[in-house]
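*Asks:* The listed protein sequences derive, respectively, from chains B and S.
Each residue of the first sequence is one higher than the one before, counting from 1 in my numbering.
Each residue of the second sequence is one higher than the one before, counting from 1001 in my numbering.
Careful, some of the hints might be misleading.
To be verified - A short list of chain S residues far from chain B (calculated; beta carbon distances all over 10 angstroms):
| no. | residue |
| --- | --- |
| 1 | S1281 |
| 2 | S1296 |
| 3 | K1312 |
| 4 | A1466 |
| 5 | K1478 |
Stated by the list, open to error - Straight-line C-alpha distance at most 30 angstroms; calculated DSS-like pairs for lysine-lysine:
| no. | chain 1 | residue 1 | chain 2 | residue 2 |
| --- | --- | --- | --- | --- |
| 6 | S | K1497 | B | K114 |
| 7 | B | K76 | S | K1382 |
| 8 | B | K114 | S | K1460 |
| 9 | S | K1089 | S | K1208 |
| 10 | B | K313 | B | K445 |
| 11 | S | K1460 | S | K1448 |
| 12 | S | K1460 | S | K1471 |
Unchecked claim - Computed far set for chain S versus chain B, every beta-carbon distance over 10 angstroms:
| no. | residue |
| --- | --- |
| 13 | S1137 |
| 14 | R1144 |
| 15 | D1216 |
Derived from the structure by calculation, the hints contain no laboratory data.
Glycine is no exception: its CB is placed at the ideal position from the N, C-alpha and C atoms.
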Amino acid sequence: MAETEVSKKRKRPIVRLAVLLLSHSVLVSVICCTAGVFGLLLLPVLAKNTYISENALMPGSASSMLSNQEVSEANKLIKELNNLHSNPLGATTESHGIIAKYMSNLGAQVNNHKFHPQLNQFHPLHFFSGPDSGVMQENSTRSLYGINTVGIIRAPRGDGKEAIVLVTPYNAVKGGVRETLSLGIAYSVFSLLTRVTWLAKDIIWLVADSQYGEYAPVAAWLRDYHTPAFSNLDSLNTETCHVGNNNFESKISYGIRRSGTMAAALVLGVAYGNENEDTLGIYAEASNGQMPNLDLINIVHYLAVHRQGLRVKVEQFHWLLNSKWVKSLGEVFESLGKMVKTLNPDWKLGISAADYVEGAATLASSLYHQALGVPTGPHGAFRDYQVDAITLEFSLRISFDRLDRRNDFLLHGGRLIEGVIRSVNNLLEKFHQSFFLYLLTSPSKFVSVGVYMIAFALLVAPLPVVAASLYAKTLDLNPTSEKDKSATSNELGSVLQSWKWLNSVKTVFVVHFWGATVSLLPYFISQIPDSDPTTNFSVWILLSILSLEILRWILVSPSSHIYGLPQGEWAILKSATISSFFIGLGLMSVINFATAEIGALLMVPMALMAHPLKLDVRGQSLRSILRMICNLVLGVISFPPATFFVFKGVIEGFSGIKAGDFWNWVESLWAWNSATYLYIGMVHLPCWVLCVQILLHPC
Amino acid sequence: MAILLSRRSNLLAVVVLLLCQLFLYATVSSSGSVLKQGGGEEFSEELLLKPFPDRKVLAHFHFQSRAPHSSSHGRHHHLFPKAIAQLVKKFRVKEMELSFTQGRWRYEQWGGFDPLSSNNAKPPGVELWAVFDVPQSLVDVYWRNLTHTLSGLFCASINFLESSTTYSAPELTFKPSFGNLRYGTLPREAVCTENLTPWLKLLPCRDKAGLSALMDRPSIYRGFYHSQRLRLTSSESGSDEVDSGIGLDQTLTVVLQPSSWRTGKTYSVETNIQPSWSISSIFGRNIPGKCVIAKSSNVYLQLDNGLVGELKNLERENAKYVANTFESEGFQSNHAFKISVTPDKVFEEVDNLHGKSTSVIYGFSVEKYSDSQPFDLGLTWKIPVVWSCQQAPLHASRFLMGSGNERGAIAISLEPTESSEGLPTSHIIDGRCELRVDIFQVVPWYIKVYFHTLQVFVDKQPRAMADVVDKIRVSPSKDKVSPGVMEMILKLPCGSKSAAFSLEFDKGFLHIDEYPPDANQGFDIPSALISFPSFNARMNFSEDEFLNNSPILSKFQHALQRHHHYMHSICIVFWIIAQCASEAC
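Bound conformation, chain S alone:
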């Protein structure tokens, strides 16, 4: 009897608890400000959609969590993931970025100049960099510990970055740093849902509600580009700015092919009509309302300036559509395309120096939608439109030269893109018009690069290094200890048609233990990074309170980002001495 009673009392307790939780939940959902006040932590979610010229659609998810400095609230957080807070505290991380990427960002088709691509285009595999707030002698130790922690946190082999042969400390070109920055990449890391799940766990609503509910695994992994990123910034409590404390930006960038094109098999060669799509058709799901604890939950649709310019041209040609003017109607239902939902806001880029046309962003608030009435944005094209995205000033490619099992050369070639002709490509320094380009390249130790063989060609003519290279920092590789790092700051004369650099190397002779499994696959040289510091990747919008609350748009507007442009990794196949293990000998 006593046992029965106690059971009943247990049940009662559970019921009471449940009721309490329900009540709490109700209060939370009725006013999101409860949690906001409790701790000053914030979470906001946003999604940016953008059609690309090559019939694909970009979807860029951005989740931002902020927490004030932890000392004021003890060790507990309401929204902010505890694992990240602990990590920041323990390893004294000042800034950190981790990205998992599958596929290549196609700079020529998807653009390389706007803030979106220069922030979110990442090299294939894993890239990690971190700035530590510790004395220089301790940085390596903290880096090693950080890699192990992240490895456990994200189910990835980031721990391989612990070895000193895999990471480097760029000083000139990557980011302004004072010796406490470490940079490492794993070009061959396979990226899969097992990396996404822990990343989603950091979100307060996971993928159960809000925008992240769209992340249907088969759809987002079917895309042409998939990059999942995590960026941390922490600042000391001393400053009383809004961004003091820890900021966590989680982004997922996917480039998808609207399915209508794939299944429809539109073979019509002549019509270049863009595929019509909607959120439900590209993800296979709808947005069931916002994540209740999010401060804001918005969806944006961006039409880049090339497209807007083209549409305006079309409009000018077709005089009969003059009534549908761009300014009055907000563009959302014109002769060229139709947006299924009326946008809440329309942002127009202003004062754009780069070209005649400006990009347009439509904002949609998800707050008024719910499970019964899900949000589904659709874009229907009516006429074929051809445009191109804004290109980076130079098109960079890196490739291997030569053949054979012993020697070769790494070549970097830079060619101006078409769009750069009309751009202010230069900064005038000492009366000379020059374009500054930074190149950062890490080469593993088993590829023995002879840095003295660096050859520079501008406009197909060999040039002395001093003419073109402003600053160069080389740290030669040490066998089995550290990789070779080359950082160059170039000043290319304006109007040059091409520039090329070549570096010769020998393939190192490896011991049989040093080959990875599947040795005949070859070794990857990590992606090189090229940046154009004299260009600011930013967009200007007319001042609006709304903008400051939106993480994506404020990133577009405020952050003075450098143009990062990755030259994708290349693979060098080594002559395998152990080949006789196979039967072919």
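Excised from the complex, chain B in its bound form:
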């Protein structure tokens, strides 16, 4: 007994620290939030240069073997395909025949892969589930189909356990010079690789039929490669048929041919460039913010810049480049960096303002695309099978019509792909050495997870502190309120009093349940035939409000405390809200960090500041008025549709905004199985509703 008394008197330091934090919760939250936002803004400054981490890759150590002979062969293919486009009748089958003929003449094994395009449909329980062959097939329409052509080079002395995949989307009907050029690059590399002796991994060249989008054929092929349906009665790929014209009478099978595990995949594309130099665009984001191993981007960047003299770019927010406040922020950081340098020349923090702006624009785009959870190209399909893949988009300075320029372009492009394949071919293990969790601030600079986690951690750190302090305060209030009611309360009353938080938690639970309902509503709304996005959106909002009212009426009204209990009720509700939001953010940061980061930026200030408006109006001090204004502004901005429209307005201008845009955006999220959708529906929106409820609390 004596011991416990002593320990009670002299508390352990961690407890004392907690108490200190709780008592200064406002200060803590202000400092942490500011530091969190500041940390995020500082990320472009803290970015490190990329480096090739896996020693086995050795990019560029072998001289390129691709010569003009391969290029001239590729030119033949390009010419033959371009001639086809002049008479589009029957161009589809013929172009497949031509590509297959060229492939098999090189000694590769060729097969066709027939697939049905999948319509974008809402599958309510499809999030996080693995790619499944059975379910997908049922919903596809039977009459539409595309044909992929797949060529496989078996490595001369390899054992066929691993493969490198080369993908060229090609639309036989509408494909222009652009697409035939990417085929040309792939063909020149392919023809070289049939003759080299150093190949250790098989090479698979997939010519993806992109008449139903670039993603669908790749995804369909990958699905059939990894999870074939053995028992499909009316399967597509059973029959063999004669693809042929007079030259090429050989049988091409429709059965899928396999090689081993895929080590890496490269998707090639060519774009019309309007810039001053030949550039290479790298797209890496796959579904739910997954990124390929940084080493893959590194070797492409290294070879493109140092061997082929291409300028590499990754996606940027161009509107940020001209933004004044980013520029001034950059200047501030530049001068800060200079100051730091005078203190200690070893600290290299300073970057120039221009670099900062570039970095910030790239970082913001990187963060946004990861947060969206929608893959930025066909490479996204590979990530679902743990294959590292990127899309490379070449863009040319001058038009492709000039033959000498075109040959030069094919040579450079081909040599780049050859170099990358040679590097990956060297790999003994799968990609594992470098980072998987990173944000790019330029093609050669990255922020690793260890750095960007800090900003997020600072941002969410006040949440538990504030929740705890609010709860502690209501506990302190309890005795006084008990005294007031001591006359009327009996034993049951006091028990109810100590279980007061149960009510708030129930409210929070109900609102979250409502959030789940709202997330499911689009599935039913999308079944309405012939509806445009704007009506869908309004129906969704109406139904959401209706369901909220119904739920409240069913579940909350019997106890009727929610509007009843005056003192501290809102505080406990806020405490519960913040706790649930904290849990939600924590979970989301594991699934998709970028979503959690952006969500925290939008919602954390609102959740921390929420305070009944009535009290603020009554308060009439400067502080309460400021708080009221902040609350109102934040309350508008953090409502998901409002956020969307503000963001869209900033980027594209407010003139062309329609209400249906938000529906379309949400639809794309659902169609791509993005976890961001779940986050918005089940974490962000309930938290917003609860915060609004606190604001409107009648106390």
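Following the hints, put chain S in place on chain B, whose structure we already have.
*Replies:* Positioned in the frame of chain B, the structure of chain S alone reads:
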């Protein structure tokens, strides 16, 4: 002075010895029968060359050594390698086969039906099986000792096969055995010249003379397939047959690309003309005569039945070449191709049930060639010819299904090859037409296969296991003790378009010590074996004394071989718990 004298006498002795050896050598070379009589040991060397449809050339070396049972001649041998004889004696090896292979045998392009491919196509890495003539309880001990001995003998890590997790004892499908057969593979063993050198040491002439002089290391390792094999058979002295005693067959099978195509860069897409080649162009060397102590030394050139059929068709079309009939001229100089050396013998396959056309083999004896006049066989194509090799009745492939770090499935899919349509694909059993297929598959213990999840699909419809599987023998794996073994004897209904089997597995959770170096490379599941016992891989030639003396041809003709068809190994990458050792965490 005394010292000087003794030196001189030493010198004298050396000179005398040298002279004696020279004399001996002369007698040996003048008549090879001296050694043959002395001990009854025999050595013969042969080389078979065969053009493939995909512009490649197969070179198959076969060296055969035979020794009568050792008890009659003490411990000494004249020709037979002593190391092998000791090994056979010490470990009571009844039969053994060891193969080192690099690259894959391409069943679709190089054929899977003829005796050559079904005997010599081996899985990548090392494969070893042995039958012991000891009581069953001792087999494992003898196996372990054998692996260590072979490991030392061939500079390879065969000793890893000692661990009980790596070998298995097939009973149903591999070979008829009575519990004394052990089978083990090392799918990831790298094969290089350091394995070839000890193998060559077993030859009486090494690679200094005879056919093995062709083995220029850069050339034979540049190929698309490289398989070096050693096969031992020993029988008790009781029988008075010719093959009593120990027989050692050493074969080296390489598939090479004639260099003319590679360097010439014939990009002409339209012409499918085969590359012309000669022994000197593909090996970079000539044959400087035979190995003097060899009983026979022959080179064969085989044109398989697909090619011969195609040539006959061409001939029929071009009526003007009718004078060059196949029978009269022996085919060696016709409108389609030219052989630079006149063959000593031409063998034609007779009574072939499989198809209309038959294969042709040209035999060349190397005995009359010497250093000054080396043997160099060349084949020059004049017109483009397209043909395909004879396929096995079913095309089998095995692959992994699913993705992720926890689960997956192994799938085996069987599809009839085009050629099988015209084949007698079936045996009629109880009025039902069925095709028997044996599958033998070993799975390491860390891949936890659930054998109850075996699903069978025939013609894309799920079938009950009892309908298709005639016999099945499963021995589940024991953690860190033994691998999982599955042997199935299938009876597929004739005319079925496809058959597929899938088995689910979990990836085991390994302790950090149990990962190999470069753990992110993944683990290999050894090649599975599929065989078609109802087909005999044999060729019939008109009876000839010459045939019986030739190891390659007699193998073609007599040995009733099963069709072995390997489904190549697949690699499973495990989730590495120790990943945080790298910087990416």
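*Asks:* State for each hint whether it applies.
*Replies:* Hints and how they fare:
For S1281/S, the condition that its CB be more than 10 angstroms from all CB atoms of chain B holds, with the nearest at approximately 17 angstroms. Taking the minimum C-beta to C-beta distance to chain B, about 32 angstroms, the non-interface status of S1296/S holds against the 10 angstroms cut. Separation of K1312/S from chain B is adequate, the least Cβ-Cβ distance of about 20 angstroms exceeding the 10 angstroms criterion. At roughly 18 angstroms, the least C-beta separation between A1466/S and chain B is larger than 10 angstroms, which holds for a residue marked as non-interface.
Residue-level check passed: K1478/S sits 26 angstroms from the nearest beta carbon of chain B, beyond 10 angstroms. At most 30 angstroms may separate the alpha-carbon atoms for a hinted pair to count; K1497/S and K114/B meet this at roughly 18 angstroms. Distance check on the hinted pair: K76/B and K1382/S sit about 27 angstroms apart at the alpha-carbon level, within 30 angstroms; holds. Of the supplied pair hints, the one linking K114/B and K1460/S holds, its CA atoms being roughly 17 angstroms apart against a limit of 30 angstroms.
A hinted pair counts as satisfied when its Cα atoms are at most 30 angstroms apart, and K1089/S with K1208/S qualifies at roughly 29 angstroms. Restraint check for K313/B and K445/B: satisfied, since their Cα atoms lie roughly 12 angstroms apart, inside the 30 angstroms limit. About 26 angstroms separates the Cα atoms of K1460/S and K1448/S, which keeps this hinted pair within 30 angstroms; it holds. Restraint check for K1460/S and K1471/S: the C-alpha separation of about 22 angstroms stays at or below 30 angstroms, so the hint holds.
In this structure S1137/S is separated from chain B by more than 10 angstroms, as the shortest Cβ-Cβ distance comes to about 36 angstroms. Here R1144/S stays apart from chain B, with its beta-carbon at least about 27 angstroms from theirs, past the 10 angstroms limit. Even its closest Cβ contact with chain B, about 16 angstroms, leaves D1216/S beyond 10 angstroms, as expected for a residue assigned away from the interface.
Violated hints for the displayed structure: none, as all numbered hints are satisfied.
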